[in-house]
Structures are given as C-alpha cells and as structure tokens.
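Can you build the whole structure from these sequences, using the hints too?
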Amino acid sequence: MKHSSVWPLGLGALCVAVHGIFALHGVPAAAQAPEPKSPPAPSDLLSLVLIQSDLSDATQTMTICDADEDGFIDSAERKKLAWRDEHATFDLNHDGKLTHLEVAIYLAKKRDALGITQFDRNNSQVFIKRHDSNRNGQLDADEIAAGWPPDPSKFDKDANGIITVIEIAEQFAFNRGLRRELGIEAVDNMSAIKVMKKFDKDGDQNLDAKESAAAGLPLDARGHDDNGDGKLNNMELALLFSKHRRELGLSKSDGVKAKRIIAMADYNQDGKISQDEMGGDVFTTDGPASSQYTRFDANGDGTVTLGEVQSFIASERKQLGFSDEHIANARRLLLRHDTDRSTFIEAAELSSDTSGPGKLPASTLKAADENQDGRLSLQELAKHLAKQQ
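The opening position of the sequence shown corresponds to residue 1 in UniProt numbering, with each subsequent residue numbered one higher.
Fair warning: there could be bad hints in the mix.
[Claimed, not checked] What follows is a set of in silico ranges between Cβ atoms, one per label pair, in the way DEER data are often shown:
(1) ALA263 / GLY374: 38 to 46 angstroms
(2) GLN389 / LYS198: 32 to 40 angstroms
(3) ALA348 / GLN125: 42 to 50 angstroms
(4) SER352 / ASP226: 47 to 55 angstroms
(5) GLN275 / SER47: 55 to 63 angstroms
(6) GLY358 / ALA214: 30 to 38 angstroms
(7) LEU48 / SER311: 39 to 47 angstroms
(8) GLN125 / ASP226: 29 to 37 angstroms
[Unchecked claim] The list that follows gives simulated cross-link-like pairs (lysine-lysine, DSS-like), each with its CA atoms no further than 30 angstroms apart:
(9) LYS383 / LYS243
(10) LYS194 / LYS243
(11) LYS387 / LYS359
(12) LYS259 / LYS359
(13) LYS194 / LYS231
(14) LYS272 / LYS201
(15) LYS197 / LYS259
(16) LYS157 / LYS210
(17) LYS259 / LYS231
No lab work stands behind these hints: they were computed from the structure.
Virtual Cβ for every residue (Gly too), placed ideally from N, Cα, C.
Here it is in structure tokens:
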C-alpha cells in the first residue's frame with residue numbers, strides 16, 4: 001500500500017494541496033467540502049508522544065501558513081493545507097483555528113501511524129544530505145539516477161519521481177520493523193553493513209563464497225543463504241549476526257559493548273587486538289596495560305578476537321541473570337517507587353494494594369532482596385523481573 005508523505009520538506013511544497021508533502025488525502029481547493037462541525041478530540045490523540053521532528057515540522061507549517069503571524073492558522077489560511085478537511089479532529093479547543101501544538105499533534109498522529117521514530121527521521125536526513133547535490137531538501141530524478149536508493153520505487157511512495165525525507169523515513173521505519181520481527185537489532189544490522197562494506201570486493205552488495213570466507217563469519221554462510229543464490233545479501237548477513245548473538249546469550253547492549261572494546265584498541269582495524277595493541281589499553285592507568293585485555297584471551301594465543309570478547313561478556317550476562325529489557329523495566333519501576341530518591345526501594349515505598357498496573361506489591365521485597373539488606377537495588381529488581389517471565 002502506498003502512503004502519501006505527511007511532513008513538510010521544502011518551503012514552497014509544504015502547503016500546496018496538489019504537490020505538497022502533506023498530501024495524504026487532499027482535494028483541490030475548488031472542490032473543498034463545507035466545513036464540518038468540530039467533533040470531540042479523540043482520546044488517542046491525548047496519548048501521543050511528540051518528538052522533535054513533530055515540533056520542528058509544525059514550526060515550518062506555521063511559518064508558511066500563518067500569513068498574519070498571529071500564532072494561529074485560521075479558516076482563510078487553512079485553505080492552503082492539504083489536510084484541511086481533517087482539521088476539525090485536531091482543533092482540540094474547537095475555536096476554528098489551529099495552533100502550533102495542534103499542528104504538531106496532527107503530524108505526530110500521521111508519523112505514529114507509519115511507525116516513524118526520531119531515529120528514522122535523523123537517519124533519513126543523513127541520506128538526504130549525502131545524496132541531495134542541489135541542496136533543495138529532496139532527491140530529484142537526476143540525483144536518484146546517480147544510484148541511491150538502489151530500488152527507488154520502495155521509497156517514492158507517491159510515485160512522483162521525487163523522494164522526500166519523509167518517504168525515506170517511512171521506508172527506514174518499515175525496514176526497521178521488518179528486521180525487528182526477524183530478531184535483528186541495530187547492532188546486528190550495523191555489523192552486516194560494516195562487513196559488507198569491507199569484504200564486498202566486487203561491489204554487488206552481496207558476499208559470495210570467497211568474500212564470506214575472507215570475512216571470517218561466526219556462522220556458516222551456507223546455512224543463511226535463504227534465497228539459495230550462493231551469496232549473502234545484507235538481510236541474510238544481519239540474520240546471521242543476530243542468530244550468533246542470540247545463541248551466545250548477548251543482549252543488544254552486550255553486542256555494542258563487545259564491538260567497542262575491540263575498537264578502542266584495534267588501531268590497525270583488522271578486527272582483533274594483537275599483543276602490541278594490548279599495550280595501549282585504555283582500561284587501566286597502572287600496572288601492566290595488557291592485563292586488562294588478557295582476560296578476554298581465552299585460548300592464550302596473545303590475540304583477542306571479537307568472538308572471545310563476546311564469549312566473555314556472554315558469561316557475564318549469564319551471571320547477571322537479566323536482559324536489557326528487564327533492566328529498563330526495573331529503572332522505570334525504581335523511578336516510580338523510590339520516592340526518597342535513595343536509588344533503592346525500601347519497604348515503606350511498596351504498596352499493599354496490588355490491584356493497579358505498574359505497582360510493586362510489598363511481597364516483592366522478600367522475593368527479590370538477595371542480600372537481605374531490607375531494600376531493593378536496581379539489579380535485584382531486574383533479576384526478579386527476569387525470574388517472573
């Protein structure tokens with residue numbers, strides 16, 4: 001299904017009904033229907049979380065459409081909006097005008113429906129800047145013809161030959177959601193991108209058998225060639241890294257941590273830490289510098305590989321007994337219950353009322369207080385949450 005863009009890009013394109021970037025289901029001004037009565041604000045609008053792009057895009061809309069600069073888009077100014085027939089839903093105080101906040105809520109609603117996050121918006125801006133040679137804030141036909149994106153039809157949602165920052169963000173959001181469904185996290189995808197860039201010698205965006213062997217992949221490439229073409233594309237490669245990470249028991253943050261440990265001392269960028277590079281250990285300021293890295297060197301050959309670091313961190317994760325999700329939930333519950341901001345939850349801060357969601361019952365203290373000090377730490381709570389699953 002094709003989606004029209006919902007955010008502004010160029011100033012001239014924002015409010016024009018036919019060519020504007022807001023054109024979701026816009027109609028020509030001449031065919032504008034009578035103004036509907038203002039319905040009550042839908043409750044789901046009140047649950048939206050605004051992000052920076054909603055606010056900045058709303059500012060652009062107000063700048064262009066609020067001609068008299070009174071801080072409102074009134075009925076006359078509203079005629080320039082492609083979504084004017086939807087305005088009543090977002091006119092939360094039913095005064096017949098649209099404020100900056102009400103415009104931002106409209107944008108947030110459309111963005112939320114497409115699953116676009118601030119990360120997607122930021123990432124799309126990076127690609128626009130990289131490929132937008134004439135700096136008009138979008139990718140025109142000649143810029144697209146230069147080679148990015150490789151499949152323009154996936155990005156050009158309205159098939160007008162132009163790719164906007166929002167269309168890029170929408171496709172990135174779709175790709176991210178697909179990867180998440182397959183168990184691929186950002187760290188896995190970035191590993192795939194990095195390996196593809198380094199070892200794809202013929203530039204076909206695939207790793208053939210020879211290139212896969214040179215990359216030293218942690219799992220057999222043949223077992224991840226899902227389409228049977230004898231090569232690994234980026235998705236197949238990301239799935240391989242995802243499967244390896246999960247088999248080790250590494251969380252998302254563990255995967256990032258392992259790569260950072262290698263990167264901090266891998267001066268020649270060959271993907272491992274040699275004995276000479278261990279001398280530049282950034283983890284210690286006294287004693288033999290290499291001692292901090294030798295703990296990762298499981299086979300004692302004087303070289304630390306990414307696999308060895310991952311295995312070391314995986315054993316630490318197993319000892320911790322909780323995942324990134326558990327620690328995130330524990331932080332949320334600690335913030336909610338720790339009324340004296342001691343960074344612990346004491347008995348007095350737990351409720352005997354367990355009827356409501358998001359409340360920790362008093363019995364949690366006895367069940368989760370491993371060191372029996374009469375209070376719950378962040379790690380104790382995270383481990384307790386993991387056991388409840």
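Structure-based check of all given hints:
no., hint, verdict
1, ALA263 / GLY374: 38 to 46 angstroms, "holds, 42 angstroms"
2, GLN389 / LYS198: 32 to 40 angstroms, "holds, 38 angstroms"
3, ALA348 / GLN125: 42 to 50 angstroms, "holds, 48 angstroms"
4, SER352 / ASP226: 47 to 55 angstroms, "holds, 53 angstroms"
5, GLN275 / SER47: 55 to 63 angstroms, "holds, 56 angstroms"
6, GLY358 / ALA214: 30 to 38 angstroms, "violated, 51 angstroms"
7, LEU48 / SER311: 39 to 47 angstroms, "holds, 43 angstroms"
8, GLN125 / ASP226: 29 to 37 angstroms, "holds, 32 angstroms"
9, LYS383 / LYS243, "holds, 24 angstroms"
10, LYS194 / LYS243, "holds, 17 angstroms"
11, LYS387 / LYS359, "holds, 17 angstroms"
12, LYS259 / LYS359, "violated, 37 angstroms"
13, LYS194 / LYS231, "holds, 17 angstroms"
14, LYS272 / LYS201, "holds, 21 angstroms"
15, LYS197 / LYS259, "holds, 17 angstroms"
16, LYS157 / LYS210, "violated, 37 angstroms"
17, LYS259 / LYS231, "holds, 25 angstroms"
In this structure, the earlier hints numbered 6, 12, 16 are contradicted, and the remaining ones agree with it.
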